[in-house]
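Chemist: As a plain string of letters, each chain reads:
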Amino acid sequence: MQQAGDQRPDATAFGFLTAVETPAHGCLGGYLLVDVCGRPLEFHCTTPVKVSRAQQILYGAALPAHLHGRQLGAALLAEGTVEPALVLTDIEAMLHVRPHTLLPVALVAAVEPRRPDAVALGAAAIVPPPTAPGGDRWRGALESLAAAVDLHEPFARIRAAIEEAQRH
Amino acid sequence: MEAQPPLAPHTTPSPVRTWSAADLLLPAPRVHRFDPRLPAAAVLSLPVVAARPVVSRVPLLERPPLVRSFRFPQVAALPAPAPRPTARMDPPTARVDRPGAPAAAAVPAAAPLARATRTRIAPPRDVVKLAERFFFLLQPDLETILDTSRLEFPRPPFPFQLDGMAFLVPRHSAVLADEMGLGKSMQAISAIRLLVRSGQARRVLVVCPKGLVSNWARELADWAPELLVAVIEGDPARRRWQWSLADVPVKLANYEVVVRDRDLVAELGLSFDLVALDEAQRIKNRSSQTSQAVRALRRGRSWALTGTPVENSADDIVGLFEFVAPGHLHERMSPRALGAAAADHVLRRTKDRVLKDMPPRLDRDAGVELTSQQRETYRLAEEEGVLRLAGMGREATIQHVFELVLRLKQICNFDTHSGESAKLERLEAELEEVRASGRKALVFSQWVETLGRLRGRLDRFGALEYHGGLSTQARDETIRRFRHDRHHSVLLLSYGAGAVGLNLQFSQYVFLFDRWWNPAVEDQAINRAHRIGAAGAVTVTRFLALDTIEERIDAVLRRKRDLSATILSEAGTPEASGLTVDDLFALFRLTPPTRAAAA
Chain Z
1 MQQAGDQRPD
11 ATAFGFLTAV
21 ETPAHGCLGG
31 YLLVDVCGRP
41 LEFHCTTPVK
51 VSRAQQILYG
61 AALPAHLHGR
71 QLGAALLAEG
81 TVEPALVLTD
91 IEAMLHVRPH
101 TLLPVALVAA
111 VEPRRPDAVA
121 LGAAAIVPPP
131 TAPGGDRWRG
141 ALESLAAAVD
151 LHEPFARIRA
161 AIEEAQRH
Chain C
1001 MEAQPPLAPH
1011 TTPSPVRTWS
1021 AADLLLPAPR
1031 VHRFDPRLPA
1041 AAVLSLPVVA
1051 ARPVVSRVPL
1061 LERPPLVRSF
1071 RFPQVAALPA
1081 PAPRPTARMD
1091 PPTARVDRPG
1101 APAAAAVPAA
1111 APLARATRTR
1121 IAPPRDVVKL
1131 AERFFFLLQP
1141 DLETILDTSR
1151 LEFPRPPFPF
1161 QLDGMAFLVP
1171 RHSAVLADEM
1181 GLGKSMQAIS
1191 AIRLLVRSGQ
1201 ARRVLVVCPK
1211 GLVSNWAREL
1221 ADWAPELLVA
1231 VIEGDPARRR
1241 WQWSLADVPV
1251 KLANYEVVVR
1261 DRDLVAELGL
1271 SFDLVALDEA
1281 QRIKNRSSQT
1291 SQAVRALRRG
1301 RSWALTGTPV
1311 ENSADDIVGL
1321 FEFVAPGHLH
1331 ERMSPRALGA
1341 AAADHVLRRT
1351 KDRVLKDMPP
1361 RLDRDAGVEL
1371 TSQQRETYRL
1381 AEEEGVLRLA
1391 GMGREATIQH
1401 VFELVLRLKQ
1411 ICNFDTHSGE
1421 SAKLERLEAE
1431 LEEVRASGRK
1441 ALVFSQWVET
1451 LGRLRGRLDR
1461 FGALEYHGGL
1471 STQARDETIR
1481 RFRHDRHHSV
1491 LLLSYGAGAV
1501 GLNLQFSQYV
1511 FLFDRWWNPA
1521 VEDQAINRAH
1531 RIGAAGAVTV
1541 TRFLALDTIE
1551 ERIDAVLRRK
1561 RDLSATILSE
1571 AGTPEASGLT
1581 VDDLFALFRL
1591 TPPTRAAAA
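Sequence order for the protein chains is Z and C. For the first sequence, the working numbering assigns the number 168 to the last residue and increments by one with no breaks. For the second sequence, the working numbering assigns the number 1599 to the last residue and increments by one with no breaks.
Quick caveat, the hints were computed from the structure, so don't treat them as lab data. Given the structure is predicted, the values throughout are model-derived calculations rather than measurements. By construction, the Cβ of each residue, glycine as well, lies at the ideal position given by its N, Cα and C atoms. Hints are not guaranteed to be accurate.
[As the list claims (entries may be wrong)] Taking lysine to any residue pairs in the SDA-like style, the calculated list, with each CA pair at most 25 angstroms apart, reads:
id: 1; chain 1: C; residue 1: K1409; chain 2: Z; residue 2: H25
id: 2; chain 1: C; residue 1: K1210; chain 2: C; residue 2: S1288
id: 3; chain 1: C; residue 1: K1409; chain 2: C; residue 2: A1474
id: 4; chain 1: C; residue 1: K1409; chain 2: C; residue 2: R1349
id: 5; chain 1: C; residue 1: K1129; chain 2: Z; residue 2: E143
id: 6; chain 1: C; residue 1: K1351; chain 2: C; residue 2: T1371
id: 7; chain 1: Z; residue 1: K50; chain 2: C; residue 2: E1062
id: 8; chain 1: C; residue 1: K1409; chain 2: C; residue 2: R1388
id: 9; chain 1: Z; residue 1: K50; chain 2: Z; residue 2: H25
id: 10; chain 1: C; residue 1: K1210; chain 2: C; residue 2: P1123
id: 11; chain 1: C; residue 1: K1409; chain 2: Z; residue 2: L121
id: 12; chain 1: Z; residue 1: K50; chain 2: Z; residue 2: D35
id: 13; chain 1: Z; residue 1: K50; chain 2: C; residue 2: P1059
id: 14; chain 1: C; residue 1: K1210; chain 2: C; residue 2: G1199
id: 15; chain 1: Z; residue 1: K50; chain 2: C; residue 2: D1222
id: 16; chain 1: C; residue 1: K1129; chain 2: C; residue 2: G1234
id: 17; chain 1: Z; residue 1: K50; chain 2: C; residue 2: D1459
id: 18; chain 1: Z; residue 1: K50; chain 2: C; residue 2: L1061
id: 19; chain 1: C; residue 1: K1210; chain 2: C; residue 2: K1129
id: 20; chain 1: C; residue 1: K1129; chain 2: Z; residue 2: D35
id: 21; chain 1: C; residue 1: K1129; chain 2: Z; residue 2: D10
id: 22; chain 1: Z; residue 1: K50; chain 2: C; residue 2: K1409
id: 23; chain 1: Z; residue 1: K50; chain 2: C; residue 2: K1210
id: 24; chain 1: C; residue 1: K1129; chain 2: Z; residue 2: L63
id: 25; chain 1: C; residue 1: K1129; chain 2: Z; residue 2: V82
id: 26; chain 1: C; residue 1: K1129; chain 2: C; residue 2: F1160
id: 27; chain 1: C; residue 1: K1210; chain 2: C; residue 2: R1426
id: 28; chain 1: C; residue 1: K1409; chain 2: C; residue 2: S1288
id: 29; chain 1: C; residue 1: K1129; chain 2: Z; residue 2: P48
id: 30; chain 1: C; residue 1: K1409; chain 2: Z; residue 2: A24
id: 31; chain 1: C; residue 1: K1409; chain 2: C; residue 2: S1437
[As the list claims (entries may be wrong)] Derived Cβ-Cβ restraints for the label pairs, each shown as a range:
id: 32; chain 1: C; residue 1: T1350; chain 2: Z; residue 2: T81; range: 46 to 52 angstroms
id: 33; chain 1: C; residue 1: L1268; chain 2: Z; residue 2: A156; range: 57 to 63 angstroms
id: 34; chain 1: Z; residue 1: E92; chain 2: C; residue 2: R1298; range: 38 to 44 angstroms
id: 35; chain 1: C; residue 1: L1268; chain 2: Z; residue 2: T22; range: 22 to 28 angstroms
id: 36; chain 1: Z; residue 1: A156; chain 2: C; residue 2: P1159; range: 44 to 50 angstroms
id: 37; chain 1: Z; residue 1: S52; chain 2: C; residue 2: H1328; range: 17 to 23 angstroms
id: 38; chain 1: Z; residue 1: T81; chain 2: C; residue 2: E1256; range: 47 to 53 angstroms
id: 39; chain 1: C; residue 1: D1263; chain 2: Z; residue 2: A24; range: 28 to 34 angstroms
id: 40; chain 1: Z; residue 1: E92; chain 2: C; residue 2: R1125; range: 34 to 40 angstroms
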């Protein structure tokens, strides 16, 4: 598990964690750290992980959780030098990174259909992380971020960057 | 049923069968023989040890993927915009002089930008490092940056103006070639503001024509009220002090000052993060002192603002690029190749494409019959002139033709003997209507002398003059009076001084008393009034003396305008060809001497 002490805490920084799957390359992860205005601080992206048919069979239903949570998510969160107030992801399977990090990880879900465990925030619905020792210290800063940035939008930036990396 | 008769008795004798002895013998029994021996048993060999099975290894997803990391420069802290400081920096002992600068309170706070638009800052093609491309790709959209930076604008920018900012901000080599009136200076100032506020630029130099320095100071005060600006002007000692100001992010100088202080700038070891040239067509001639002086400036970014990047030939834009991106273009390239090479560096928009809801511009050509006295003077002058040129043969030069054209054009304005002017009579009638409706009008001429004569005759309209013969202060005062005093309905301008940079969108009428050589300059003049902020339709009247040299010139320019759209069409640069030597000689059905000799 990643040690929080490796990173510089920043209560106004937020992480956006997602993955892109392409038939040609497989699955690539991206992790964007932004300040409270949505400006980029750091960006981390993985090399592609291509899952074979045999691996799909072997891992079965556990594959998405393992691939996103342990393989991509944990590797990416370990590289950040900033400890954000909250990590947001738009892929539910990525929430399985929680056992591998001390950072609180929340899901940005669609507003409709509204999930019973989600809370509305700006143009997004947030499935918050389980209450952690740090409590909800991220909540105020996240409201500021949501006032400046559509919380879905940074994921589009990550996907554009990953596409650019593929072309490069 | 009837009874049947009884059957008759059987009388046939019985047959006798006989058997021989052989027939009585039983057949011999068949004997089956069985071999009591068992057949030899077949031996089936079965292997006791089976072949080793093939084992397929399926690697588990255990090893984590490699991660590439990118860290970006931190954006400087963004304080709330402070009240506008001085527009001009003066020595502490000098008088603070802020001509034309509005008070800080006059700049209204703008509402957050409409969120419906999303303008991305895309990395330019010449940015090749992945880290640098990511820096741009991962930025929020421009609207978010402006909102979160708490940058206020006197009025919300149009979407195409946001596109212009997004074009400029990431580029080290850029030509903003929007049609006049679309707000090139505002887009450049806003982009400069973003770069300064984000710490990407600390030393910016804006160079513009002398007559536009006050205008730029005003625009900077309006669109970037928190930026300190030093206007480089005055005597050498003062200019040295102004150039040396280290804590002033934006310096503003005219082209003549840059030429004059070329050695001083080198001596002071000045370098700039950005040099932006307004009316950059001034440097199209690479051998000119102006071009050499601005190209000698040490700089990180080079931006050129011009509505006419191609005035006469493709060489114009090659000259421009010697400043913007030295060596990127050369004159041996075909127009199409030039366009392709310049495309990523040039942004060109026209009003009809981006401002669908801009007030209409109503153009009309006013054909004017010369008065009888004017006609006679004109006829004599042309006949004499043509005869003289023909008599000169190969000695006739372009200068001789030019002088004749000018003389004839002047007669079209005013009869040199009687002072009669058919155009003026028509203009006076038009201006009566303008004044009656409480509107304002601009009148352009290529001659200061004509402006003076017009002023004398248009005094009842409160006519004011604006031309290069006036001091900067006098010109500023003229604009102020024309803008604010309703008794001044008419502003008389020379093409040279009044065609560029001025914002006179409160004027609804433009009269071109005589015609310039190049339609692009005429367009610039018209766009002083027909630009963003214009309250209503702008009516443009071009006076044209019928059956004169003016009509012939107009025909040539119209034809050329249609033909020349090819140059840099890829980059969308404008067509703006003027008259060539051949054109001028052809006005009088003459052949240029060099061609005649060749023939």
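Chemist: Quick check: which numbered hints come out false for this structure?
Modeler: 1, 3, 4, 5, 6, 10, 11, 12, 14, 15, 16, 17, 19, 21, 22, 23, 24, 26, 27, 28, 30, 31, 33, 34, 35, 36, 37 and 39
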